[in-house]
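Can you make the complete structure from the sequences, with help from the hints?
Okay, here's what each chain looks like letter by letter:
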Amino acid sequence: MNSSKAQSEFLESESLKSESIVGGDTAWLDRSFAWFLQIIALAAIALLFWMGSVIFKQAFPAIKTFGAAFLTSQDWDVSQLQFGALTYLYGTVVSSAIALFFAVPIGIFVAIVTSEKFLPAWVRSPLGFLVELIASIPSVIVGLWGIFVLIPVLKPIQLWLHNQFGWIPLFSTETFGPSMLVAGVILAIMILPTIAAISRDVMASFPSDLRTASMSLGATCWEMIFTVLLPASLSGIAGAVILGLGRALGETMAVTMVIGNSDLISASLLDSGNTIPAILANQFPEALDELHIGALMYLSLILFALTLAVNVLAMFIVKIFGFKHQ
Amino acid sequence: MAFFDRQLTKPLPLGRTLFSYGMSAIAVLSTALALMALLSILFEIFRQGLPGLKWEVFTSLPAPAGETGVPSGFGNAIQGTVLMVAIAALLSVPLGILTAIYLSEIGKTSATATIVRFVMSILSAVPSIVVGVFAYAVIVLATLFNYKGFSALAGAFALAVIMLPIVVLSIEEALKLVPQQQRFASAALGANSIQTTFKIVLASALPSITTGVLLAVARVSGETAPLLFTALFSQSWIENILNPTPSLSVMIYNYSGSPFPEQTQLAWTASVVLLGMVLLTNLLSRLITRKR
Amino acid sequence: MSSPNSPTPSLATSSESDLALCARSVDVYYGNRQVLEEVSIDVYPGQVTAIIGPSGCGKSTFIKVLNRIGELESNMRVKGEIQFFGQNIYSQRVNLNRLRRQIGMVFQKPNPFPTSIYDNVAYGVRVFSRPSRAVLDDVVESALSDAALWNEVKDSLKKSALSLSGGQQQRLCIARALAVKPRVLLMDEPCSALDPIATLKIEELIRSLQQELTIVIVTHNMQQAARISDYTAFFSTDESQVGRLIELDSTAKIFGSATHSRTRDYIEGRFG
Ligand SMILES: Nc1ncnc2c1ncn2[C@@H]1O[C@H](COP(=O)(O)OP(=O)(O)O)[C@@H](O)[C@H]1O
Ligand SMILES: [Mg+2]
Numbered sequence: 001m002n003s004s005k006a007q008s009e010f011l012e013s014e015s016l017k018s019e020s021i022v023g024g025d026t027a028w029l030d031r032s033f034a035w036f037l038q039i040i041a042l043a044a045i046a047l048l049f050w051m052g053s054v055i056f057k058q059a060f061p062a063i064k065t066f067g068a069a070f071l072t073s074q075d076w077d078v079s080q081l082q083f084g085a086l087t088y089l090y091g092t093v094v095s096s097a098i099a100l101f102f103a104v105p106i107g108i109f110v111a112i113v114t115s116e117k118f119l120p121a122w123v124r125s126p127l128g129f130l131v132e133l134i135a136s137i138p139s140v141i142v143g144l145w146g147i148f149v150l151i152p153v154l155k156p157i158q159l160w161l162h163n164q165f166g167w168i169p170l171f172s173t174e175t176f177g178p179s180m181l182v183a184g185v186i187l188a189i190m191i192l193p194t195i196a197a198i199s200r201d202v203m204a205s206f207p208s209d210l211r212t213a214s215m216s217l218g219a220t221c222w223e224m225i226f227t228v229l230l231p232a233s234l235s236g237i238a239g240a241v242i243l244g245l246g247r248a249l250g251e252t253m254a255v256t257m258v259i260g261n262s263d264l265i266s267a268s269l270l271d272s273g274n275t276i277p278a279i280l281a282n283q284f285p286e287a288l289d290e291l292h293i294g295a296l297m298y299l300s301l302i303l304f305a306l307t308l309a310v311n312v313l314a315m316f317i318v319k320i321f322g323f324k325h326q
Numbered sequence: 001m002a003f004f005d006r007q008l009t010k011p012l013p014l015g016r017t018l019f020s021y022g023m024s025a026i027a028v029l030s031t032a033l034a035l036m037a038l039l040s041i042l043f044e045i046f047r048q049g050l051p052g053l054k055w056e057v058f059t060s061l062p063a064p065a066g067e068t069g070v071p072s073g074f075g076n077a078i079q080g081t082v083l084m085v086a087i088a089a090l091l092s093v094p095l096g097i098l099t100a101i102y103l104s105e106i107g108k109t110s111a112t113a114t115i116v117r118f119v120m121s122i123l124s125a126v127p128s129i130v131v132g133v134f135a136y137a138v139i140v141l142a143t144l145f146n147y148k149g150f151s152a153l154a155g156a157f158a159l160a161v162i163m164l165p166i167v168v169l170s171i172e173e174a175l176k177l178v179p180q181q182q183r184f185a186s187a188a189l190g191a192n193s194i195q196t197t198f199k200i201v202l203a204s205a206l207p208s209i210t211t212g213v214l215l216a217v218a219r220v221s222g223e224t225a226p227l228l229f230t231a232l233f234s235q236s237w238i239e240n241i242l243n244p245t246p247s248l249s250v251m252i253y254n255y256s257g258s259p260f261p262e263q264t265q266l267a268w269t270a271s272v273v274l275l276g277m278v279l280l281t282n283l284l285s286r287l288i289t290r291k292r
Numbered sequence: 001m002s003s004p005n006s007p008t009p010s011l012a013t014s015s016e017s018d019l020a021l022c023a024r025s026v027d028v029y030y031g032n033r034q035v036l037e038e039v040s041i042d043v044y045p046g047q048v049t050a051i052i053g054p055s056g057c058g059k060s061t062f063i064k065v066l067n068r069i070g071e072l073e074s075n076m077r078v079k080g081e082i083q084f085f086g087q088n089i090y091s092q093r094v095n096l097n098r099l100r101r102q103i104g105m106v107f108q109k110p111n112p113f114p115t116s117i118y119d120n121v122a123y124g125v126r127v128f129s130r131p132s133r134a135v136l137d138d139v140v141e142s143a144l145s146d147a148a149l150w151n152e153v154k155d156s157l158k159k160s161a162l163s164l165s166g167g168q169q170q171r172l173c174i175a176r177a178l179a180v181k182p183r184v185l186l187m188d189e190p191c192s193a194l195d196p197i198a199t200l201k202i203e204e205l206i207r208s209l210q211q212e213l214t215i216v217i218v219t220h221n222m223q224q225a226a227r228i229s230d231y232t233a234f235f236s237t238d239e240s241q242v243g244r245l246i247e248l249d250s251t252a253k254i255f256g257s258a259t260h261s262r263t264r265d266y267i268e269g270r271f272g
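Protein chains in written order, with my numbering: chain W, 1 to 326; chain V, 1 to 292; chain F, 1 to 272.
Since the hints were made in silico from the structure, they are not lab data. Please note that a few of the clues may not be correct.
List of simulated lysine to any residue pairs, SDA-like, C-alpha gap at most 25 angstroms [what the hints assert, rightly or not]:
| hint | chain 1 | residue 1 | chain 2 | residue 2 |
| --- | --- | --- | --- | --- |
| 1 | F | K154 | F | L209 |
| 2 | W | K319 | V | S121 |
| 3 | V | K108 | W | L29 |
| 4 | F | K79 | F | V94 |
| 5 | W | K319 | V | L175 |
| 6 | V | K176 | W | F316 |
| 7 | W | K64 | V | V138 |
| 8 | F | K181 | F | T199 |
| 9 | W | K117 | V | L38 |
| 10 | F | K154 | F | T199 |
| 11 | W | K64 | W | D289 |
| 12 | W | K319 | V | S110 |
| 13 | V | K176 | W | A197 |
| 14 | W | K117 | V | P13 |
| 15 | W | K155 | V | G257 |
| 16 | V | K108 | W | I45 |
| 17 | F | K109 | V | L206 |
This is the structure:
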């Protein structure tokens, strides 16, 4: 060994010489570290409950005043302090339904294109990446695009729908641009990456020998997809769709910017409307009266509960029916 | 019928062939539609926004409505976005790292850890506007240091709540990638659990942790809904984090519906800047993990 | 440490506190499943003790009991008594960090930290103290020299440890363990992931370290045990899948004229 003087002095020193294996108890250090971390983690859990209880507390004046009738009333009059959620609940549900109508089929097709071998891998993976890129564009920017591009583009289509199919209640009114339909389309664009990406992962995890087995029996690629792949991936895709729904229900900016913000319930999708997030965005900055704030909080609570239920459902579907094909 | 068909060269029945081609066409069309939306958004932002991108937009305040020909910009909004995202990161990253350490090093598969993970994924799905409402109730409606009302602090708090679950879940994944063997090697040299966690586990996971944090930063930089009625907006430079504070995203929203073309122009230009910030952060985070 | 370095020391003469390690009736369980029963072993200071036996008989488990690292990895429970130079390592008052610093360990697969070569070796020292740079430099150099790695890496101490070859990585792990001056070094099949030349280097290394260190090495390679060890312990399982110590004796005895027929069968390649 080539130990120098400095080293041998160091080795003689307290720190390295101790031959005893007892004493200087450090186990308490490990234990307190574990406890400390556990407390932090529990605080993170508490955050969710804190959020729920704070919103509930603020909503309480409105809950006490309006009770369950809040859900079925269409009144929303700030000057009279009369509040009801139905208009916004309706708008939220309908715009999200339109979004699913467009985003589910397109999302599944995108997932098929990016997971199956129609295209070479060097095309597929950038494709998937690009579609997922949509998710990282701030929604206010999508909304800006919606105002200046999507509304003008969809206007002739909306007029045409009214002219040709005006006898169907869904298209019974003339549009002036912003509408429930536009809001649904913009939501569809925003939830498309969620549905496409998760469905793609589900399909990609489908064992390739089962694909081959089906195709070796003479099925064409698409027959294999419809008879084997999609049925087997159903629960995963359902989870993806419900997660997408959760996003659509709570999406605020882009919808607020293109839905027209009018408090009416209309059968026509070409009419303007309003959603819970949109009314929150519009009225919170100016809300002063306790009951007005309470009513807005009540709406938030409903939205909170709605998205919570939807997301828990999605998680359970994925968990119970299994995300991976085993 | 196809069952008795033994001729390999004979084409499939017309129905099956049409079905195949039709489906392929629909699939390609759907994908093209999705891409078109993306490209149209990107194209339009740059087409409308780039012409307004001059140095003065970074250094000036927005000109009063209707005034043209004077320097106009959104320096204060950039300031506000950066400030609030920074405070949000300072609040949520330490808490997120500690929670993630709990999940990967201590809790593992225990019931508590499972519940923490579940709550974190629920929290990440709470609409950002609801988080804004929460911050409004907790901070805007309260009186802090004799200040009451809209503030950068309220906005940052909302952003921090949005960041936390993203940070926790991504850092836990990063920590789990550190091989168990390295933890044992450290313990076998006499290190205690704190030393092992900080000197070995966190140190080796640092690139992926940075990636996770940057992705969360990118995500919240573009948030608007939680800032609308927490930070609100302001036309001046930031002096106090307890005052109303502008941000790029809220500015884009406010000016998007403006009747004054120069304000709409400012919204487009701000979109280029915001999108650039978000995409660059995204890209940076990918590069960090790629390099290793 | 005043033990004879002869190849066939006497088994009977040492008292317990003279022994580097002394296990008495050790039972080990994973959860409710028992994997070792009634293992009693003496490890003589300054000697190399090899542990051999069919795979799954609990060799790794036993070696992980000796520095109490097993309880960190999994739900391992240990009954019985183990003494380290006369001190009971399963006593309540034992400081695990001090214990593990004195009983170093080298793992089956090289597991350097993803830091520089220098920082790998310095890690253990830094855990316990804050020596000056000059002292640390000396410690690192001498540990790397002891591990026969210094000449290969002295110009690239700042390079990542992961850039080394497998054999170099394993010697780095040995250097890392030596840097904190342990009194015992535990090695769990340290060569099983290495090529023959790297294996030979490590065997030479073990031989040279034995001068001042007590080594316990698990190996599945019987020639290796015969080449490098002074004592050999043979473990085996019966039908119940519980591992037992069959025989512990000087290596010459075990490989020459083992007492138990099962040991002889195993060494001659007749398993079962
Ligand atoms: N962490 C663990 N949990 C449960 N059982 C284990 C664990 N590690 C090892 N075992 C079991 O203990 C027995 C002994 O394993 P081991 O000590 O690794 O044997 P060896 O090293 O001799 O091959 C084996 O039957 C193995 O399956
Ligand atoms: Mg083993």
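Now for the hints, and whether the structure bears them out:
1. K154/F with L209/F: holds (20 angstroms)
2. K319/W with S121/V: Roughly 13 angstroms between the alpha carbons, so the hint for K319/W and S121/V holds.
3. K108/V with L29/W: With a Cα-Cα distance of about 20 angstroms, the restraint between K108/V and L29/W holds, given a limit of 25 angstroms.
4. K79/F with V94/F: holds (16 angstroms)
5. K319/W with L175/V: The given pair, whose Cα atoms are some 23 angstroms apart, holds under the 25 angstroms limit.
6. K176/V with F316/W: Holds - the C-alpha atoms of F316/W and K176/V are around 24 angstroms apart, at most 25 angstroms.
7. K64/W with V138/V: holds (21 angstroms)
8. K181/F with T199/F: Roughly 23 angstroms separates the two Cα atoms, so the pair holds.
9. K117/W with L38/V: Judged against 25 angstroms, a Cα distance of about 23 angstroms means the pair holds.
10. K154/F with T199/F: holds (22 angstroms)
11. K64/W with D289/W: holds (15 angstroms)
12. K319/W with S110/V: holds (17 angstroms)
13. K176/V with A197/W: Holds, because 23 angstroms separates the two Cα atoms, which is no more than 25 angstroms.
14. K117/W with P13/V: With a Cα-Cα distance of about 23 angstroms, the restraint between K117/W and P13/V holds, given a limit of 25 angstroms.
15. K155/W with G257/V: holds (18 angstroms)
16. K108/V with I45/W: holds (16 angstroms)
17. K109/F with L206/V: Answer holds: K109/F to L206/V is near 23 angstroms, not above 25 angstroms.
Violated hints for the displayed structure: none, as all numbered hints are satisfied.
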